[in-house]
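Make the complex out of the two chains shown on their own, each in a separate frame, by following the hints.
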Amino acid sequence: MPRLGIATLGIACFISLLRVTASAQDSSSNPRVSYADVLAHPDDPAINLRWANTQVANGDLKGAAATLERILLIDPEQPTVRLFYAVVLYRLDSLAEAGEQFHALDKVPMDAAARQEIDDYLQRIAAKQRANGFTAVGALGFQYDTNRNLAPTGIAPVSVTPALFAGPRTPDFGLIALGSLGVHHDLGFQERDELTADVTVYDDTQARVKSLNTEAATARVGAVWRPDFATVTTNLVATGLWLGSPSQFYYQGLGANVRAERTLDALDRRVTLFADATALDEIFHTVRIDPMAGESTGGRYVLELGANYRAAAGVTLSAAWQGQIKSAESAVDAYYGNNGVLGATWIFAPGQYLQGIVQYGDFPYRGSDPLIKPAVTREDMIFDGRATYGLGLDTLFGTGGPGDVLIGLSWSVSVEDIHDQSTLATFTNNDVRVLTLLTKRLDF
Amino acid sequence: MGQKTGSHGGVEWRTVVLATALAAAGLAGSASAQAQDQAAVKAGVSAAVRGDVHLAALRQPVARKVASGEGIFLGDHVTSAADSGMQILLLDQTVFTLGPQADMVIDNFVYDPSSGAGKLAATVTKGAFRFVTGRVAANNPSDMEVQTPAATIGIRGTIVAGQVDGQSAFIVLLGPGQDTDTAERIGRVTVSNKAGSVELGRAGYGTLVPGPDQPPGQPFLVTLDQMLRLDLRAGASRSAGGTGTGGSIRAGQATAQSGESTAITAQTVSTLTAITSVNATVTNTIITSVTPPMRCTPHGGVSC
Numbered sequence: 001m002p003r004l005g006i007a008t009l010g011i012a013c014f015i016s017l018l019r020v021t022a023s024a025q026d027s028s029s030n031p032r033v034s035y036a037d038v039l040a041h042p043d044d045p046a047i048n049l050r051w052a053n054t055q056v057a058n059g060d061l062k063g064a065a066a067t068l069e070r071i072l073l074i075d076p077e078q079p080t081v082r083l084f085y086a087v088v089l090y091r092l093d094s095l096a097e098a099g100e101q102f103h104a105l106d107k108v109p110m111d112a113a114a115r116q117e118i119d120d121y122l123q124r125i126a127a128k129q130r131a132n133g134f135t136a137v138g139a140l141g142f143q144y145d146t147n148r149n150l151a152p153t154g155i156a157p158v159s160v161t162p163a164l165f166a167g168p169r170t171p172d173f174g175l176i177a178l179g180s181l182g183v184h185h186d187l188g189f190q191e192r193d194e195l196t197a198d199v200t201v202y203d204d205t206q207a208r209v210k211s212l213n214t215e216a217a218t219a220r221v222g223a224v225w226r227p228d229f230a231t232v233t234t235n236l237v238a239t240g241l242w243l244g245s246p247s248q249f250y251y252q253g254l255g256a257n258v259r260a261e262r263t264l265d266a267l268d269r270r271v272t273l274f275a276d277a278t279a280l281d282e283i284f285h286t287v288r289i290d291p292m293a294g295e296s297t298g299g300r301y302v303l304e305l306g307a308n309y310r311a312a313a314g315v316t317l318s319a320a321w322q323g324q325i326k327s328a329e330s331a332v333d334a335y336y337g338n339n340g341v342l343g344a345t346w347i348f349a350p351g352q353y354l355q356g357i358v359q360y361g362d363f364p365y366r367g368s369d370p371l372i373k374p375a376v377t378r379e380d381m382i383f384d385g386r387a388t389y390g391l392g393l394d395t396l397f398g399t400g401g402p403g404d405v406l407i408g409l410s411w412s413v414s415v416e417d418i419h420d421q422s423t424l425a426t427f428t429n430n431d432v433r434v435l436t437l438l439t440k441r442l443d444f
Numbered sequence: 001m002g003q004k005t006g007s008h009g010g011v012e013w014r015t016v017v018l019a020t021a022l023a024a025a026g027l028a029g030s031a032s033a034q035a036q037d038q039a040a041v042k043a044g045v046s047a048a049v050r051g052d053v054h055l056a057a058l059r060q061p062v063a064r065k066v067a068s069g070e071g072i073f074l075g076d077h078v079t080s081a082a083d084s085g086m087q088i089l090l091l092d093q094t095v096f097t098l099g100p101q102a103d104m105v106i107d108n109f110v111y112d113p114s115s116g117a118g119k120l121a122a123t124v125t126k127g128a129f130r131f132v133t134g135r136v137a138a139n140n141p142s143d144m145e146v147q148t149p150a151a152t153i154g155i156r157g158t159i160v161a162g163q164v165d166g167q168s169a170f171i172v173l174l175g176p177g178q179d180t181d182t183a184e185r186i187g188r189v190t191v192s193n194k195a196g197s198v199e200l201g202r203a204g205y206g207t208l209v210p211g212p213d214q215p216p217g218q219p220f221l222v223t224l225d226q227m228l229r230l231d232l233r234a235g236a237s238r239s240a241g242g243t244g245t246g247g248s249i250r251a252g253q254a255t256a257q258s259g260e261s262t263a264i265t266a267q268t269v270s271t272l273t274a275i276t277s278v279n280a281t282v283t284n285t286i287i288t289s290v291t292p293p294m295r296c297t298p299h300g301g302v303s304c
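Protein sequences, first through last, are from chains A and B.
Numbering-wise, the first sequence is residues 1 to 444 according to my numbering.
Numbering-wise, the second sequence is residues 1 to 304 according to my numbering.
Next comes chain B alone, as it looks inside the complex (with noise of 0.2 Å):
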């Protein structure tokens, strides 16, 4: 089990050569040295934690409580109660968003900083779940696959949510869908078991596994009732959004004593506009709308 260092935004990292976490308890003899050897391997990290998550090691299997910034490695079982959830950081910028009673296991994860390459495989069992690939999927995104005891997710540099209940799972593609003006490739995945597969390809789109001797379901436009199912966003609901008049970031307490407002406005939101105008297709937009279609000389869109 070889480890190298490598540097990647002028932060040292330790780069995960191989790590395959072997889950499931009560292994013996020499694989459970082996497992115990690959529990060391970090992952990534807690975040966003609230509410009672619980973690529990290959090498200490009895589950404690977890808080935002702990390492999470190989292996690690995490589970939330109800009212609760987090985030994972994976070292490759991977984000896995838990909702209330989920279980997740990261099971192999492999990075090369210097390159992108990698491996990465996790396995939700139970809860709502979510996900944004990172660099391993960007480098090559047959490298990430997502299980669930229904089927797994293979996937395609994406934002990916779903439910597992029981046997059954519910697996949406939320994004980025075809009309990005980002140049972020268009989400895809695959979602199969061994009765069947079917590809989501564009966002908004779901299917629904029965169980994982039952084929996905044909894809269909996820309606906004079915995507609350699924609501582990920060309390997204019409409700919510943050009812306060500054709307200052928390962390800026600084705000309210300087005395500057923060408060949405019209700038505010242009600005926002502007700054995520990646790739402008906007005024490309424009462009086009402007082009005279046809002029009246030799060898032009129509000849004279």
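This is chain A alone, in the form it adopts within the complex (with noise of 0.2 Å):
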């Protein structure tokens, strides 16, 4: 993951040497030039700075890399010129030609830091070559729930409320932890397909509902491969929760997904389409807490359709739909569902970012409780709002030294209100969840 350093001084650093070079040329107060100013002075490296300057604002690197490399075949001596276009090369995925020009660049003296950044990008362009890559993912925080036990709004017509949301409304602080490592086999054909494999392992200890302590492990064997018309992802997948303390084995699921993404070509690339499909065979086991749970036991199929939209540099809108079926040994415990889903991500300084998710969703279940008199047969109306911040430390402090042990370190806070509003007051609940997690990732 290309580090961003501490990029506004350096962005104010690279304004100040293109204004220097562009004197040269003329002191013309417009720092962006036309292809046109291009062909007539073909071999000005200045105006061919400024303009490849004019493409990587326009999102053209790919014409950007012709224009630094003509500077270059002018004069090779630009060791700043050959780093930019290293960098192109490199953003481009064209890891061959980014390296050789790294590497060019091994005779010239520089400060170590710098030295180190470029050292960096030779380490991940050939980890990015290697058959076999590594991710590593920790995190630690915490999460604050206004009613983690999700105990109704309303009280309950007849007591039916399962144990495992029993007793009033509890406020609780939980620490999370995660850990996920993954691995993935690049099998060496030109569509670049792979073989993948993770596992991820949850926990979550509560201060006060002890009962709902969490701990969960999913692991996944996959294969990604990329025909002419999407990126597609299948995997197997098998999760396991425990839950309470001492934990008890709550629940099983095996199954597969399926994903397939294609990045449009008309748009200027803006509008990727998503599909992705899960089927899960899920079984649920009794607990103290939830002794009616085998009656869940059943399968879970789920159906998304969605697009992301990538409205400017650093803007991304997402809009989804969700089709859920729930089976189950008992009809009061089935359900299907439609949900909206409407997303924004928002970019708006190096390595900081704004989340924004919106869902709504209707789950009408197939059969009424028979100890409910007269008969209603349940329905949840489920909203649920996220707002989340992200920093990667790494922007804020720098790297270099001590600091490299921010080279993938991020922290992120979010805010989740979740309304579930029920047919059955006894399931009419709402929590509000604050979450901050700090986060490691380590690629290898």
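No lab work stands behind these hints, which were simulated from the structure alone.
Since this is a predicted model, take the numbers as computed values, not measurements.
Please note that the accuracy of each hint is not assured.
Going by beta-carbon spacing under 8 Å, a handful of chain B positions derived as facing chain A [unchecked claim]:
id: 1; residue: Ala47
id: 2; residue: Gly51
id: 3; residue: Gln101
id: 4; residue: Ile159
id: 5; residue: Leu174
id: 6; residue: Gly177
From the derived model, a few chain A residues whose C-beta atoms are all more than 10 Å from chain B [what the hints assert, rightly or not]:
id: 7; residue: Ala66
id: 8; residue: Thr80
id: 9; residue: Arg91
id: 10; residue: Leu95
id: 11; residue: Ala113
id: 12; residue: Tyr121
id: 13; residue: Pro171
id: 14; residue: Val183
id: 15; residue: Gln190
id: 16; residue: Ala230
id: 17; residue: Glu304
id: 18; residue: Glu329
id: 19; residue: Val405
id: 20; residue: Asp417
id: 21; residue: Val432
id: 22; residue: Val434
For every residue, glycine included, the Cβ atom is placed at its ideal position computed from N, Cα and C.
The following block contains the structure:
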């Protein structure tokens, strides 16, 4: 993951460089040039450099590569331009060429921090070119729920509340830990087909509602292939979940997931369509706090169709529809549903983002509980809104020396508001959750 | 043969409406007259000329030395000597780079600046070359084609390099690769001749075409040594790169005069990283990594 470093100062530095170089050609106050200017002065390095910056600003990195190459053809002794060229090639995923250009800077004097940054690029290129790659993620944080046990907002007309969610509304803190290790193997085919596998473990230790202490593990084995029409990811998925203290095995899910993504060439490649299908065989085991859990055993089938739209540099909007069918041994626990999701991500500064997601779903159940008279069939309408702020800590404090520990380290905080409005008052509840995490990611 | 005036980027352009260069010499009668007419159609300009590069125009078949900034017209025959090379900047922003001992003709160039639509065909009969596609290919990749004696390269928006040696050709797809975090179209080319066809879809993969009657070979990952055979990129050997301590842009003699240093620093690297982060996959990676994988609520990832 490329580092952004002390980018704000850096940008000022680079703009200063551009101003100086431009001043050699003319003192125009307009920092941008047109292609016509380049055609009129094709060998002018200053105009070409400004054109390359214009191209980068317009997202035309491919064109910028040709322009920077031209400057270097005219005068190879331009290490800053060569560095620019190397970074552009890296962004274009032209790794062999990028590596060649970075290596061409081997003998250029520079400070140790700059050398380290370039070495980091070379290491990332080498990692990308290896057949086997690993990704490790570790996260630690805590969450606060205003209603951890999802106690009903109203008074239940009949006491059918599962023990799992019984009791008065209980705010609670939870300590969250997460670890993940993934591996991918490049099969060496031209389309870069891959085999993948990963394991994720998750632990939530509650301060008060110990019965909702959660431990979970998920393992996936799959493949990624890239036919002409899309990138297709397939996975076999196995999940286990334990609840309580001491923990009891509560849930196991075994199934498969297929996801296809296609970025449309039209509209400047701003639109990515995706389809995601999951089928799970779920088994619920009876635990102390949910003695009727077994009745939820059955299949779960989820289909998601959506699109991401890159509205502007750093701004991505998304919309999706999810359809879900949950079968169960008891019709009381079987349901189907439709869920709409809208999202927006705004990267407003190097390494900093805001993300907002709202979703609304309607989940009618198949059967009514015989204990409830007169019979009422449960139907849940769930609103979920979440806002997240995230920050790459290396962009805030920089790297180099002891700062290298910050590479791949990010901090996030999110606020989530969940409203479940049910035809059964027992299941009508509201929870606001604040979650903060420190996450470290390593690719090797 | 019509022409119309268009406007692009605040600059008036002469829009080429039709031109098909008849590069073969010795054409007689009306064909010759037509060729002369077409030869007046400007396709681009020469740039970064180094060493001996010669140009033979349709109307003036005697080759003359070419300098940077000269117009390149349809049918112009460009040849480079040893240790020589150049770039050709076409009006649609396609850029051809020619290495030593290369031979190339722009056969066909039709371009409407207002829409980006057009047609582009070129022939490389000898030497190392490289091209970065411009607006014509961006508008419709199949509208651009590059011929070699061994095979035709069909374009799908990309950066390509190649080496033509006699009747054989070595073609390499350079990018953009599948992991690009830019908005650029993923590079892909089709190399075909009458004996067969292969598609290059992964940056760094290439094919060897032994001749026009033999099919292109199966794509393979090009080694660094093979890549260096195509080295026409500004002396990017590991001994190059500029060994000066300043690393200033040449045009910026004012840099030295003003006393401002443009040496490579960590800030320079960070800045270049930042300004090229068009699509900011960097942070998206962070976003993905911090999303908790499961929650214990109804209808969540794991139902409780």
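key: Violations among the numbered hints   = Those not satisfied are hints 2, 3, 7, 8, 9, 10, 11, 12, 15.
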